[in-house]
Amino acid sequence: MVGTVGNIEQKEEEIIDEFSLFDDWMDKYEHIISLGKELPLIEEGLKTEDLLIKGCQSRVWLHAKLQDGKVIFTADSDAIITKGIINLLISVLSNEEPDAIVNADLSFIDQIGLKEHLSPTRSNGLVSMVKQMKLYALAFKTQLNNPS
Amino acid sequence: MSELLTDIDAIRAQFPILKREVNGKPLVYLDNGATSQKPQSVIDTISHYYEYENSNIHRGVHTLSQDATAAYEDVRKKVQKFINAEHDHEIIFTSGTTGGINLVASSFGASLVRKGDEILITAMEHHSNIVPWQMLCERRGAHLKVIPISKEGEIDIEEYKRLIGPKTELISLVHVSNSLGTINPIKEMIDIAHAQNIPVMIDGAQAIHHIPVDVQELDCDFYVFSAHKMYGPTGVGILYGKEELLNDMKPWQGGGDMIKNVTFEKTTYNDLPHKFEAGTPNIAGGIALGAAIDFINSIGFDFIHAHEAELSRFAVSQLRDIKGLRFIGTAKERAGLVSFVLDGIHPYDTGVILDKLGIAVRTGHHCTQPVMNFFEVPGTVRASFAVYNTKQEIVRLVEGIDRVKRMF
Numbered sequence: 001m002v003g004t005v006g007n008i009e010q011k012e013e014e015i016i017d018e019f020s021l022f023d024d025w026m027d028k029y030e031h032i033i034s035l036g037k038e039l040p041l042i043e044e045g046l047k048t049e050d051l052l053i054k055g056c057q058s059r060v061w062l063h064a065k066l067q068d069g070k071v072i073f074t075a076d077s078d079a080i081i082t083k084g085i086i087n088l089l090i091s092v093l094s095n096e097e098p099d100a101i102v103n104a105d106l107s108f109i110d111q112i113g114l115k116e117h118l119s120p121t122r123s124n125g126l127v128s129m130v131k132q133m134k135l136y137a138l139a140f141k142t143q144l145n146n147p148s
Numbered sequence: 149m150s151e152l153l154t155d156i157d158a159i160r161a162q163f164p165i166l167k168r169e170v171n172g173k174p175l176v177y178l179d180n181g182a183t184s185q186k187p188q189s190v191i192d193t194i195s196h197y198y199e200y201e202n203s204n205i206h207r208g209v210h211t212l213s214q215d216a217t218a219a220y221e222d223v224r225k226k227v228q229k230f231i232n233a234e235h236d237h238e239i240i241f242t243s244g245t246t247g248g249i250n251l252v253a254s255s256f257g258a259s260l261v262r263k264g265d266e267i268l269i270t271a272m273e274h275h276s277n278i279v280p281w282q283m284l285c286e287r288r289g290a291h292l293k294v295i296p297i298s299k300e301g302e303i304d305i306e307e308y309k310r311l312i313g314p315k316t317e318l319i320s321l322v323h324v325s326n327s328l329g330t331i332n333p334i335k336e337m338i339d340i341a342h343a344q345n346i347p348v349m350i351d352g353a354q355a356i357h358h359i360p361v362d363v364q365e366l367d368c369d370f371y372v373f374s375a376h377k378m379y380g381p382t383g384v385g386i387l388y389g390k391e392e393l394l395n396d397m398k399p400w401q402g403g404g405d406m407i408k409n410v411t412f413e414k415t416t417y418n419d420l421p422h423k424f425e426a427g428t429p430n431i432a433g434g435i436a437l438g439a440a441i442d443f444i445n446s447i448g449f450d451f452i453h454a455h456e457a458e459l460s461r462f463a464v465s466q467l468r469d470i471k472g473l474r475f476i477g478t479a480k481e482r483a484g485l486v487s488f489v490l491d492g493i494h495p496y497d498t499g500v501i502l503d504k505l506g507i508a509v510r511t512g513h514h515c516t517q518p519v520m521n522f523f524e525v526p527g528t529v530r531a532s533f534a535v536y537n538t539k540q541e542i543v544r545l546v547e548g549i550d551r552v553k554r555m556f
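Line order of the protein sequences matches chains A and B.
For what it's worth, this note's numbering labels the leading residue of the first sequence as 1, then goes sequentially.
For what it's worth, this note's numbering labels the leading residue of the second sequence as 149, then goes sequentially.
Calculated from the structure, these hints are not laboratory results.
Every value quoted in this text rests on a predicted model; they were computed, and no experiment measured them.
Yeah, the Cβ is synthetic: ideal placement off N, Cα and C, and Gly gets one too.
Where hints are given, some of them may not hold.
Unchecked claim - With a straight-line cut-off of 27 Å between C-alpha atoms, the simulated DSSO-like cross-links for lysine-lysine are:
1. B:Lys167 to A:Lys54
2. B:Lys390 to A:Lys28
3. A:Lys28 to B:Lys173
4. B:Lys408 to B:Lys226
5. A:Lys115 to B:Lys173
6. B:Lys471 to A:Lys115
7. A:Lys37 to B:Lys553
8. A:Lys37 to B:Lys226
9. A:Lys28 to B:Lys226
As the list claims (entries may be wrong) - Non-contacting residues of chain A with respect to chain B, defined by C-beta distances greater than 12 Å in every case (computed):
10. Glu13
11. Leu21
12. Lys37
13. Glu43
14. Gly45
15. Gly84
16. Ile90
17. Ser94
18. Asn103
19. His117
To be verified - Which chain A residues stay away from chain B? Per the calculated CB distances, all over 12 Å, these:
20. Asn7
21. Ile16
22. Glu18
23. Phe19
24. Ile42
25. Gln57
26. Arg59
27. Leu66
28. Lys83
29. Gly125
With these hints in hand, go ahead and build the complete structure from the sequences.
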């Protein structure tokens, strides 16, 4: 189990290294924008009301499924910067075991200087999205521990 | 009267916050529709109150309480003069526009509105002038009717006339739209309503700092606004109501200051205006509202209106040439703001990048989700002006938008 948490930390370290190359905010945001554009779009059919996380500013759709004991997240947003940050969160948390996701502290967002986007006052749906990702992981963890 | 202040540099110099930098750039503050910045005189009034006068009002026999009460009550008279109310007891201190609307919805609405009755609002109301009425309608089994708007963002007056019927008990209208900038023809609309003896309440939150308001000339039954959008502090607002209506209304909240005599069997209520002012109010804020009115009077609405209209005209002329920019709200009569969307770029993304450039605008639905649904946009970018804004700041906004467009 410890090994899995390490996996997430390793991915976070890679992102921190990647972002350390940017000298100014412009380069950083251009990178986030390109990450937003790269994010595979969620299937239109999945953009339903029950997968929608409403922010005041931007909207986020999040889908999760359990595959071979790991959680696979897909997500989308109507705002590109929000999508870029979703891309980072998914690259770190997706394809990991539920327990590791539940315990991830995601401090890398702070370390790459994007903490403001995970502030509740931004109201862009990202705070709720992280909470929702962890809730999915917790539900899958319970499901794995109590197979019917 | 001393000479009016019309030099923008001198006006700007009164606002300490305008000297600060944001993200390494000089601040361009274009979110005045959300709240305006405060001049030094307003800030000093608040400090002075806590340093020299702090005490509770309307109760103490000691000097501090007497001084604070006098200062607070002087502002009531100042507000009366500012909006030309007939009596100073028609001026009720509230927590803000929202507080004022809720007071009327709860007190006036509850005694007046019965099952099957109708309340009329426009399709461009702020949530604050929608939700209190919805709550009232739910409680009373009444119906909320909505006056439609055109694609320019103007009220359809013919439809308004058609919607007024024998069941209409109250009409609540926004004076200036916070998301579209439309100045509604409220005088004409009030006259139409009064021809059928229907009272009208006006939400003046976005009007009070842009245009002179004369409640007697308008003949509105209620007028509400907030101090913080007119260079004053947050947490203070005014409800103006006609004396006769206010006298007929039951108190909304019970507590100290609003009573004459309390026993466990029966309480008798205080007279106007105190009947509606339960509990210790925001005393410092109320007194500082007086300083905000003095600030506005030191410039005068002739200059304020002319300057802001020029800023709006300039902004429209500069933004119009940006490819892919679409204005939301193009009414003929508009005040103090431009609202727009950029083709293929989400307002949130625009707002984030503009912030990085030191430019504060509002993005999102501006608490008017029905308006956004009508125009089929997730939100807009809104640049809203105050008397201290300059054309150079609008040039910075235009440059910022160019940058945003290059990045996405």
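Outcome of the hint check:
1. B:Lys167 to A:Lys54: violated (36 Å)
2. B:Lys390 to A:Lys28: With Cα atoms ~57 Å apart, B:Lys390 and A:Lys28 exceed 27 Å; violated.
3. A:Lys28 to B:Lys173: holds (18 Å)
4. B:Lys408 to B:Lys226: holds (26 Å)
5. A:Lys115 to B:Lys173: Distance of about 20 Å is within 27 Å: holds.
6. B:Lys471 to A:Lys115: violated (33 Å)
7. A:Lys37 to B:Lys553: holds (15 Å)
8. A:Lys37 to B:Lys226: violated (56 Å)
9. A:Lys28 to B:Lys226: Distance ~52 Å between A:Lys28 and B:Lys226 Cα, so the pair is violated.
10. Glu13: holds (26 Å)
11. Leu21: holds (18 Å)
12. Lys37: With a cut-off of 12 Å, A:Lys37 comes too close to chain B, as the shortest Cβ separation is near 9 Å.
13. Glu43: holds (20 Å)
14. Gly45: holds (20 Å)
15. Gly84: violated (10 Å)
16. Ile90: Holds, since 19 Å exceeds 12 Å.
17. Ser94: holds (23 Å)
18. Asn103: holds (30 Å)
19. His117: violated (8 Å)
20. Asn7: A:Asn7 is indeed farther than 12 Å from all Cβ atoms of chain B, at 30 Å.
21. Ile16: A:Ile16 clear of chain B: closest Cβ-Cβ about 21 Å, beyond 12 Å.
22. Glu18: The claim stands: A:Glu18 keeps its Cβ more than 12 Å from every Cβ of chain B (closest is about 19 Å).
23. Phe19: holds (16 Å)
24. Ile42: holds (16 Å)
25. Gln57: Its Cβ does come within 12 Å of chain B, the nearest being 4 Å, so this is violated.
26. Arg59: Nearest chain B Cβ is 7 Å from A:Arg59, so the label is violated.
27. Leu66: holds (31 Å)
28. Lys83: violated (9 Å)
29. Gly125: The assertion about A:Gly125 is violated, with a minimum of 10 Å to chain B.
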